Amino acid sequence: MLAVARALFAERGFAAVTMDEVATAAGITKPLLYNYFGNKEQLYLACMGPAGDALLEAILKAVRAAADPAEALEVGIGAFFAFLDSERGAWRVLFDETLPASGEVALRVAEYRERLAALLEEALGAQLGGSVSGRVATEVRALSAAVLGAAEALGRWWLSEQSISAAEAAQMLAETLAPGMRARIAARAGGAR
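Going letter by letter, the sequence shown gives residues 1 to 193 in this note's numbering.
The set of hints was computed from the structure by calculation and includes no laboratory data.
Among the hints, erroneous ones may be present.
Dumping the calculated SDA-like pairs for lysine to any residue here, alpha-carbon to alpha-carbon at most 20 Å [as the list claims (entries may be wrong)]:
(1) LYS40 / LEU8
(2) LYS30 / LEU45
(3) LYS40 / ILE28
(4) LYS40 / ALA106
These numbers come from a predicted model, not from an experiment.
Could you build the full structure based on these sequences and the hints that come with them?
What follows is the structure, given as structure tokens:
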């Protein structure tokens, strides 16, 4: 049931998929689907959880091994695009533009984005050493949000265009962002934390 639902959600988006369609495609009755999941939102959350956890794990594994913020940025973006390339359906489930703006699904999506941002913040903060606070902490949070927004936007573009490889898209983004990140972190690391 989950594999069928995830494939439908990935292909058509949350808003376009009905419980009737999922039940029919899975070869089960609609009441049985409701018995297992309760409603469409709960079914979607059951599909989204493994996808979000897999993305976080892939990025965490790559970023934790980085030697410096620029490398953390590069390998984190690389892991994001490698996941996108190998798990397109999972990525589409996580970053579906048709998801409701409120409710439990919206809260869970926000949680995954916050966890991604926290992961990046942690990696950047660890590279600065010691306790990061004040203006440096604010800039680390801002840079993390910018990197995630850029990666998500480029990911959407890449999925629709596919005129370059996922690795090339990741490299292009990392090479564009890394010099600015190095300069900002270096400038702030020497100042008050």
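Q: Starting from the hint list further up, note which numbers the structure goes against and sort them upward.
A: Checked against the structure, no hint fails, so every one of them is satisfied.
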